[in-house]
Each structure stands twice: as structure tokens, then as C-alpha cells.
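Let the sequences and hints guide you as you build the complete structure.
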Amino acid sequence: MSMFKDPFNPEVKLGCACGRHRDQATHDAELGSRRLDTEALSSRAVDQAVMRALFPCDGERRRFLKAVGANTALAAIAQFFPLAAAREAFAQGRGPIEKPNLKVGFIPITCATPIIMSQPMGYFGRAGLNVDVVKTAGWAVIRDKTLNKEYDAAHMLSPMPLAITLGVGSRPIPYTMPAVENINGQAITLAVKHKDKRDPKQWKGFKFAVPFDYSMHNYLLRYYVAEHGLDPDKDIQIRAVPPPEMVANLRADNIDGFLAPDPVNQRAVYDGVGYIHTLTKDIWEGHPCCAFAASKEFVTQYPNTYRALLKAIMEATAFATRPENRKQIAEAIAPANYLNQPVTVVEQVLTGTFADGLGNVRKVPDRIDFDPFPWHSFAIWILTQMKRWGQLKGDVDYAKVAREVFLATDAARLMKEVGLKPPAVTSKKFAVMGKEFDPSKPDAYLASFAIKRTA
Amino acid sequence: MSVKGLQYWGAPLLSLAILLVFLGIWHASTRQESGARVVDAEYAKLVGAEAATGKKSAFPTPAEVGAKLWGHLADPFYDKGPNDKGIGIQLAYSIARVLTGYLLAALVAVPLGFLIGMSPLVYRAFDPFIQVLKPISPLAWMPLALFTLQDSSVSAVFVIFICSIWPMLINTAFGVASVRREWLNVARTLEVGPVRKALRVILPAAAPTIMTGMRISIGIAWLVIVAAEMLVGGTGIGYFVWNEWNNLSIANILSGILAIGLVGMVLDQVLARLTILVTFPE
Numbered sequence: 325m326s327m328f329k330d331p332f333n334p335e336v337k338l339g340c341a342c343g344r345h346r347d348q349a350t351h352d353a354e355l356g357s358r359r360l361d362t363e364a365l366s367s368r369a370v371d372q373a374v375m376r377a378l379f380p381c382d383g384e385r386r387r388f389l390k391a392v393g394a395n396t397a398l399a400a401i402a403q404f405f406p407l408a409a410a411r412e413a414f415a416q417g418r419g420p421i422e423k424p425n426l427k428v429g430f431i432p433i434t435c436a437t438p439i440i441m442s443q444p445m446g447y448f449g450r451a452g453l454n455v456d457v458v459k460t461a462g463w464a465v466i467r468d469k470t471l472n473k474e475y476d477a478a479h480m481l482s483p484m485p486l487a488i489t490l491g492v493g494s495r496p497i498p499y500t501m502p503a504v505e506n507i508n509g510q511a512i513t514l515a516v517k518h519k520d521k522r523d524p525k526q527w528k529g530f531k532f533a534v535p536f537d538y539s540m541h542n543y544l545l546r547y548y549v550a551e552h553g554l555d556p557d558k559d560i561q562i563r564a565v566p567p568p569e570m571v572a573n574l575r576a577d578n579i580d581g582f583l584a585p586d587p588v589n590q591r592a593v594y595d596g597v598g599y600i601h602t603l604t605k606d607i608w609e610g611h612p613c614c615a616f617a618a619s620k621e622f623v624t625q626y627p628n629t630y631r632a633l634l635k636a637i638m639e640a641t642a643f644a645t646r647p648e649n650r651k652q653i654a655e656a657i658a659p660a661n662y663l664n665q666p667v668t669v670v671e672q673v674l675t676g677t678f679a680d681g682l683g684n685v686r687k688v689p690d691r692i693d694f695d696p697f698p699w700h701s702f703a704i705w706i707l708t709q710m711k712r713w714g715q716l717k718g719d720v721d722y723a724k725v726a727r728e729v730f731l732a733t734d735a736a737r738l739m740k741e742v743g744l745k746p747p748a749v750t751s752k753k754f755a756v757m758g759k760e761f762d763p764s765k766p767d768a769y770l771a772s773f774a775i776k777r778t779a
Numbered sequence: 002m003s004v005k006g007l008q009y010w011g012a013p014l015l016s017l018a019i020l021l022v023f024l025g026i027w028h029a030s031t032r033q034e035s036g037a038r039v040v041d042a043e044y045a046k047l048v049g050a051e052a053a054t055g056k057k058s059a060f061p062t063p064a065e066v067g068a069k070l071w072g073h074l075a076d077p078f079y080d081k082g083p084n085d086k087g088i089g090i091q092l093a094y095s096i097a098r099v100l101t102g103y104l105l106a107a108l109v110a111v112p113l114g115f116l117i118g119m120s121p122l123v124y125r126a127f128d129p130f131i132q133v134l135k136p137i138s139p140l141a142w143m144p145l146a147l148f149t150l151q152d153s154s155v156s157a158v159f160v161i162f163i164c165s166i167w168p169m170l171i172n173t174a175f176g177v178a179s180v181r182r183e184w185l186n187v188a189r190t191l192e193v194g195p196v197r198k199a200l201r202v203i204l205p206a207a208a209p210t211i212m213t214g215m216r217i218s219i220g221i222a223w224l225v226i227v228a229a230e231m232l233v234g235g236t237g238i239g240y241f242v243w244n245e246w247n248n249l250s251i252a253n254i255l256s257g258i259l260a261i262g263l264v265g266m267v268l269d270q271v272l273a274r275l276t277i278l279v280t281f282p283e
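Residue numbers (the working numbering), protein chains in the order written: chain P, 325 to 779; chain E, 2 to 283.
Keep in mind that the hints are not guaranteed to be accurate.
Stated by the list, open to error - Straight-line C-alpha distance at most 25 Å; calculated DMTMM-like pairs for lysine to aspartate or glutamate:
hint : chain 1 : residue 1 : chain 2 : residue 2
1    : P       : K427      : E       : D152
2    : E       : K57       : P       : D577
3    : P       : K473      : E       : D152
4    : E       : K81       : P       : E655
Hints were generated in silico from the structure; no laboratory data involved.
Only a predicted model underlies this, so the values are computations on that prediction, with no experimental measurement involved.
Here it is as C-alpha cells:
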């Protein structure tokens with residue numbers, strides 16, 4: 325326990341494990357009688373680190389303290405090293421968990437993989453949390469249950485925290501998105517009877533389903549057809565259908581296709597109902613999809629719980645980024661308690677070796693990938709599309725909203741802790757269907773589209 | 002078979018025959034011919050058996066549904082986490098919600114119906130509200146309930162409350178208003194106090210009509226809870242059906258449907274027995 329001994333006490337020897345007791349029993353008994361709380365222990369650890377750095381030789385430290393006294397030494401060191409600030413910084417994230425029993429809502433799709441797998445694979449448990457991951461029927465319900473505080477945090481579509489914060493489609497409530505769940509991993513699936521209509525120009529009059537109005541799926545589908553000259557509001561019909569109901573609707577010929585999260589696309593292939601027309605990674609390589617979201621209130625009220633929860637999910641994400649782990653994850657999340665799908669369907673989604681519904685086996689290892697970093701430029705792109713399709717009216721301070729909702733700093737710090745490499749900047753340029761997006765010029769980007777609903 | 006035997010056994014035998022014919026047609030129309038595989042072996046491993054033969058996945062046969070149903074009945078109370086519980090537990094959740102909402106509705110509807118039935122003035126005052134509110138689909142209240150009550154399980158109970166209140170209210174009012182004039186006149190002649198008149202004359206006379214309203218209500222409540230739980234999710238038999246829809250498992254959905262039907266029948270029969278108890282021969 326030498327870690328937590330007071331280094332300002334000249335009597336204490338830091339070099340040994342514990343030099344003051346004859347055996348471990350006496351040591352434990354004594355320690356138990358004056359156990360320090362976690363906070364005191366952590367500041368003690370900071371003090372030690374500083375003292376060890378200043379006096380690499382323990383004998384020197386003891387001589388120095390004996391000569392000037394502990395208080396003088398403390399004052400002297402504090403002059404050139406901000407000990408108090410260091411203690412505080414270190415204590416962050418080390419405090420006790422305020423609320424160990426949590427409820428996190430999810431929609432049964434592979435986008436939620438890091439959130440779901442944390443439960444059966446024990447990431448929540450190891451973080452000292454007892455989390456119930458609760459399956460929810462649709463995005464509107466997950467939004468309402470999170471706003472009602474029935475859920476402490478939830479799996480959401482990445483545009484949702486932006487929409488909630490701005491009060492688009494619900495009451496405005498400050499919301500935060502500390503992590504993206506997955507990148508890529510969606511697809512456009514068409515009914516088998518449209519096998520020969522591979523050119524979007526032939527899709528006039530088609531009925532499409534997307535999971536939610538405020539979803540990447542909606543924006544990507546609109547973008548895709550608009551780039552091919554179709555007006556998504558006039559030439560095709562787009563309706564919001566919860567993912568689990570999409571295959572049933574496609575089977576019943578209620579819709580001609582959908583841009584949906586997996587395993588819905590793969591399930592349509594598995595049941596011989598549809599074929600995968602294009603993966604969304606071919607529309608925008610590395611696009612964000614789903615997110616881990618929590619209210620600002622939760623983040624500020626339970627900072628340690630929030631950090632522990634986020635870190636558990638980050639660790640799960642780090643595990644999921646490695647392709648060799650994907651089969652194991654598929655097995656963990658396929659049962660009825662989570663996705664409720666045949667294991668092979670989930671496995672095809674996660675490993676990227678899949679049947680495309682046209683008789684080919686395709687190998688696309690990055691069909692879905694996991695990268696938690698909430699790029700501010702993603703938020704800005706989403707906001708431009710919200711404006712483009714008339715969901716958001718008036719002027720928006722793109723950068724400010726992005727900064728407040730997409731918590732890049734927290735994500736970066738925790739990513740480092742779990743061994744992922746966060747980027748040094750929070751905004752980047754990217755291309756969607758070959759057209760470059762510059763996050764510093766959102767209005768110019770918006771103006772460059774021919775098909776749009778901006779007034 | 003004697004005439005008496007035919008009277009006793011005829012109906013059950015006919016029921017059985019109808020069931021067998023139904024199962025036979027179902028079996029014949031869902032029998033799967035193992036068609037030739039139209040894709041290579043590697044591809045076939047990745048898709049369902051039907052997709053490998055170039056078809057859509059098929060409707061399950063009666064035997065498949067029977068096997069699933071047996072599986073559910075053999076272990077109805079397992080609990081494998083918050084999203085995977087046995088069919089018995091799910092039914093218990095649904096019944097608890099229905100009874101809570103239903104009893105709350107009865108507590109409001111019967112006294113209010115009494116008041117409305119006894120006074121023509123109150124009846125005419127309440128009538129427009131009842132007429133507007135009655136035809137609203139209970140599920141249309143759901144988003145409103147979620148928004149205002151801020152709790153999904155309370156919202157589900159509220160939806161049951163709002164859907165089961167109207168038949169009880171209207172039947173109580175009707176039953177109370179149509180108590181025979183002579184009986185009320187006799188009570189007046191004997192100078193019976195108002196409370197005693199309500200409890201000893203009007204209530205027994207109106208009881209069969211009130212019970213009929215309650216029987217209609219429990220039926221509606223049971224219909225609605227399934228839809229409400231499909232919408233809100235979490236627990237209950239409606240969630241069970243939704244969860245299996247998510248998995249496109251028609252056999253499991255049919256098991257759920259059968260369980261819903263059986264429980265609905267039991268609830269209805271209980272109310273029917275209660276109605277007989279309060280009915281008296283004139």
C-alpha cells in the first residue's frame with residue numbers, strides 16, 4: 325500500500341511495500357482503522373507522483389522534509405507546481421458511481437452492437453454498473469422514454485440528439501451525444517421483383533421505408549436519389565417504418581425497398597424477400613449512423629456514472645473494431661434477449677461476408693465498422709441536410725450546436741484510455757458520392773444542391 | 002347414437018371436426034416441397050432454406066406451430082433478462098395492466114353512470130362529451146399519454162382505463178335510467194330514503210345491465226392491451242408478439258395469438274358468471 329502513504333511525512337519510507345508492520349494482518353488491521361476515502365487516496369497518489377519526480381532518491385526527500393518541515397515543503401512545491409489542480413484533475417472520473425442501476429434503451433439493430441454487447445460480455449459489470457438494456461419498439465418511443473427519464477441513456481440515431489436539442493419534432497431539451505456507435509453498416513434493399521431495376525432513374529413511384537424522419541437513413545436515401553435526379557418528395561414516397569417491421573412490409577409488397585440498418589437488410593435476403601442494392605459505405609465511406617446519447621442533465625448530475633458508462637461502451641467499441649472478435653460478438657447479441665435473429669444473419673453483417681440476395685457471396689470486411697469519435701463535421705453535415713429538406717428553418721449556428729451536442733473532448737479522452745487513437749482535430753472534410761463537404765462552409769454546400777426544400 | 006347422446010355430444014364433435022378440417026387445409030396448403038437448390042452451397046449456407054430454392058420463406062405448418070407452442074407451455078416462466086421472458090410472465094404482466102386500468106375505470110364509471118342515469122339534466126350535460134370521446138381509438142391517446150404522464154407503463158394503464166370506461170359508463174347510465182317506474186313509485190310510497198333507494202332498489206335492478214357493460218369493457222380492454230404493448234414495448238404479451246414479429250417467427254406469433262385468445266375467453270367467462278350471479282328472475 326505504499327502508493328497511498330503520505331509522502332510529506334518524513335517518517336514514511338516509500339521504497340518498501342510497508343515497512344511499519346510485522347505482518348500483513350497487523351498492517352490490514354491498522355489500515356482498516358483509518359482507511360482513507362477514495363478521494364483522499366487519489367490526491368495522496370498525486371502528491372506521491374510529484375514527490376517521486378522531485379526526489380528520485382527517497383533518502384533526499386526525507387532529509388529535505390526533516391530539514392524544512394512538511395508544511396513549508398508543501399508551500400514551496402505548490403509555488404511551482406499546481407498540486408491542488410492536479411489532485412482535482414486526477415480525481416475526476418475516480419469518484420464513486422452515483423447511480424449504479426441504470427436503464428439503457430436500444431432498438432434491436434446491429435448499430436447498437438457496442439451498447440448491447442456490453443451487457444452479455446460484461447463490460448458494464450466490470451465498470452461497476454448494473455445496466456438493464458431494454459429493447460424498445462421504435463425511435464419515437466425511445467425518444468419519449470428517454471425524455472421521460474425512464475431510460476438513463478439510450479441508443480439513438482445520430483441526428484436525434486441534434487433534433488431534440490433544437491426542438492425539432494419534440495420539446496427542445498439540451499441533449500448530448502458523447503459517442504458514435506457505428507460507421508457504415510446500412511444498405512438500400514429492394515424487393516426481389518425489382519431485380520433488374522438497378523438504376524435509380526427507374527425508381528419513379530417507388531415506396532421506400534426509412535427508420536425515422538431524423539435519421540441518417542432518411543438523409544442518405546434522399547441524397548442518393550436526388551443525386552440521380554429524382555426528387556425524394558415528389559418522385560418517390562418515403563415513410564418512417566420501425567426497422568423490425570420493414571421486412572414484413574417488404575414481403576407484403578407494401579413497400580418497394582428501404583434504406584435500413586442491419587440486420588434488416590440481411591434478414592430480407594435470408595428470407596428471400598429482397599436483395600442488397602448498395603451498401604451505404606459506397607454512398608459515403610465512413611458515415612456515422614447510430615449514437616449513444618444522454619441528456620445533458622444526466623451528464624452533469626451523475627458525472628462519474630456517465631463516465632463509467634461511456635468508458636464501458638468505448639471498451640466494447642474497441643473490442644468490436646477488431647475483425648477477429650466479430651463472430652464472438654454475433655453469437656452474444658443474436659439471442660432473443662437482444663436482437664432476436666438467427667446467428668448467421670448477424671454474423672454476415674458483422675463479418676462482411678454475406679449473401680447479397682442475387683446469388684453472390686460478397687466479401688466487404690468494413691461493411692460495418694465501429695468508431696466512437698463524434699466528429700463535429702458529421703453534426704454540421706446532418707444540420708445542412710435537416711435544412712435542405714425543410715426540417716429545420718431559419719439560421720443555425722452550425723458549429724455551436726455541433727460543439728454542444730457532439731461531445732468530442734470526452735470521447736477523445738476516453739478513447740485514449742481504452743487504447744483507441746482519437747484524432748487531433750474535431751472537424752474534417754469528407755466526400756459524399758464524390759462531392760466534397762467542407763464543414764467551414766455549410767451554407768455554400770447547402771446552396772450547391774439543385775433539389776432542396778429551403779425557402 | 003341416441004337422440005339424447007347426439008344432443009350432448011353433437012356440438013363438441015362438430016367443433017372437433019371443424020378444427021380437424023381447418024388443420025388439414027392449413028397443413029395441405031403450407032406443406033413444403035423441397036425444391037431444387039438454385040444457388041451454390043456457399044451461398045445456401047448464408048440464407049434460409051426457402052431463399053436457397055429461390056422462394057420467399059413460407060408460412061409455418063401446424064406441426065411447427067404445435068412444437069413452438071409446446072416449447073412455450075413447457076417452460077412458461079423462464080426469465081432470461083429484461084427482454085426475454087416466458088409467455089406465462091408476459092401474460093401475467095398484461096393481465097395485471099388490464100385489471101388495474103379496468104378496475105380504475107369501474108371505480109369512476111359506475112358512480113358517474115349512476116349520477117348520469119338518475120338525473121336527466123346531468124345526462125344531457127354529459128352526453129356531448131361522451132359522444133365525442135367514446136369513438137376515439139384508445140391507441141390515439143397513447144402519444145398524448147406518453148407526453149403528459151411521462152411514464153410508459155402508466156400510459157398503458159391509462160389507455161386501458163380510457164377504453165374500458167365508456168361501455169361501463171353508458172350501460173350504467175342506461176341501466177339506472179330504465180329502472181321500472183313502478184318500483185321507484187313503490188319506493189316513494191314507502192318513503193324510502195335516497196341512499197337506501199339507490200342501494201336497495203336501483204342498484205339491484207340495474208346490476209345486470211351494468212355487468213353487461215363491464216363484460217363488454219373487459220373484452221375491449223384485452224383487445225387494446227395487446228396493441229398498446231406492441232407500441233410501448235418492454236413487457237407483456239403484446240411485446241412478446243412484437244418481439245417475434247421482429248424475428249419474423251410466424252410460429253411464435255401464432256402461439257402468442259392463441260394464448261391471447263384463451264386468456265380473453267377466460268376473462269369473458271368470469272364476467273359472464275358474475276352477470277348470472279346478479280341477475281334475478283322476474
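Each hint, compared with the structure:
no. : hint             : verdict
1   : K427/P to D152/E : holds, 14 Å
2   : K57/E to D577/P  : holds, 12 Å
3   : K473/P to D152/E : holds, 8 Å
4   : K81/E to E655/P  : holds, 16 Å
Of the numbered hints stated above, none is contradicted by the structure.
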